[in-house]
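Residue strings, one per chain:
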Amino acid sequence: MTKLLHAGFQRLWKDRIFWLALLVMTVGSLVFSYLTYQTSLTHAEDTIYVEDLLFNLFPMIGAVSAIFISLHLGADYDHGTLRNKLIVGHTRSQVYFSNLVVCFTASVIFLTGMLVFSGGAGYFLFQTFLLPWDQLLFLLLCCFLATAAFTTLNLALSAAIPSRAFSVVVSIILFYALLMGAGFLHSALAEAEMTYEYVEITMNGVQFGDMVENPAYVDGFQRTLYEFLYDLLPTGQAVSINNLEFDRCSRWPILSLLVCVVTTWAGWRKFRKKDIK
Amino acid sequence: MRHLLQAGAHRLIRNRIFWLELAAVIFMAVLLCLCNVRPHSGEPQYLDYAFFSMTAYNPIFYAAGVSLLLGTEYSYGTLRSKLAAGYPRAQVFLSQISIAVLSTVLATLVQYAVAAVLGTALYDGFKVPGYLAGMAVLFGLLSGISIACICGSITLCCQHHGLSSALSILGFLVLLWFTAQISGRLLEPETIRPLMETAIGYIQYGEPVPNPDYVSGPLRSVLEFLNDFLPTGPICQIFNQDFPHPLRCAAFSLGFIGLTCGLGFARFRTLDFK
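Heads up: the protein sequence lines correspond to chains P and D, in order. Per the numbering used here, the first sequence starts with residue 1, numbered consecutively. Per the numbering used here, the second sequence starts with residue 1001, numbered consecutively.
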């Protein structure tokens, strides 16, 4: 296991995709920070906090880790490295978990790069924090756990799909689908309980009708289920953190850990029985 | 050329990736149609949102389909065999791009056909005029062809199959995000009327004030050009149901297709095939 880890990290530092992904996350953070700063200049009445910039690129960590992991692991399949590792006597579990450690380290480096650059830019430009330090630290922990969930999910996929190109496509489309799913759940949960019967826009102003029950409002068991699914999805947590919505944040670490355990177990089981050519 | 096209079309209909792409666009069309209908609301249900948003969600499958479909030409060595059999590079490139375009056009038509069938059953037609729906289909096809040309050119110029797939899909997503930002800025009104006075059940507009987000001058011209020129521009225009320059947009799309294919071929012609 130590040798596998050593070799894995040696390969990681020499991987051009890794450095490119890190560059995208850091430069992207600075660009988004600058765009937020530009917006704040034209909207002087809005208060911008450091946290508005700190998590501005957080949902992208899923896409970046999906691309990196599928390309990095796909090379193991393509170049026959995986088969060689097994032939020299390493067990499949050792190979899988060493890859997990290497990929998780890479994802954490992407996240740290993003946080350092966007947080630094945020502090330099705005200097005001919205949250107290303990809550901020808790959110950073949530970010690391959500990143771990993205990593285990992408690793399970990449380990199960031997074709590098197909694994890249499936990983990105899965991320896109999870993001769309989180967006759907978010808009369903954001519907107000009561709404105006009608809203009439005239030349002079807006005329509102009586307040009535909103038929699109989700309640009861369906609401509990939607909230659970939204918090379970790493993309849901990422969107919530990005929007600075922390209503149910206390359960995020548990749910992220649950995703990590389930996806790692499923990926490892699939990989253990895989016919590696 | 005819043989290459025939072989390509034959391979296309047997390719699992192509059928997966079709299944994905059908699934999305059905999902969007079903998710946006509210049968018990008592109001007329219009197909507009489901129909127009489909054009924004589905092109990712075209990008994935084209990159996977053409990428195997390198990994299986088919490309080298075609050249070794005496076909010129121009014919090989054009035939591959034609197959990519064919797969995308078929997927686009299927998605609209599914929406039309489901829409007739579930909705009360379109709220927008019929010509706007027709333009959405036309621009959907044009942007689909542009995406097929870009992704086809990337895949044919990049011998690394995984990297070309990642570049194609990411390139599309980045372009979509970029044009969505541009469209949003262009849709900002020049002046806004803040809501000032509040009475019971009534809010009055105040005096119009300049909108700080409104883009004017040369920057507006540049953004309008990009919004019409980039292949994801028509997608955003369809999504917003707003076609300010339809003819210019169509001409730019055709120009973009020519430019992408030209650049792609210029690179493909000088590639060293291993």
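Just to be clear, a hint being listed does not mean it is correct.
Claimed, not checked - Here are the simulated distance ranges between beta carbons:
(1) Ser1053(D) x Glu191(P): 12 to 22 Å
(2) Glu1043(D) x Thr128(P): 43 to 53 Å
(3) Asp275(P) x Arg1016(D): 38 to 48 Å
As the list claims (entries may be wrong) - Example chain D residues on the side facing chain P (calculated, C-beta under 8 Å, incomplete):
(4) Leu1163
(5) Val1209
(6) Asp1213
Hints in this document: simulated from the structure, not taken from any laboratory. For each residue, glycine too, the CB sits at the ideal point set by N, CA and C.
**Q.** Hints the structure fails to honour
**A.** 3, 5
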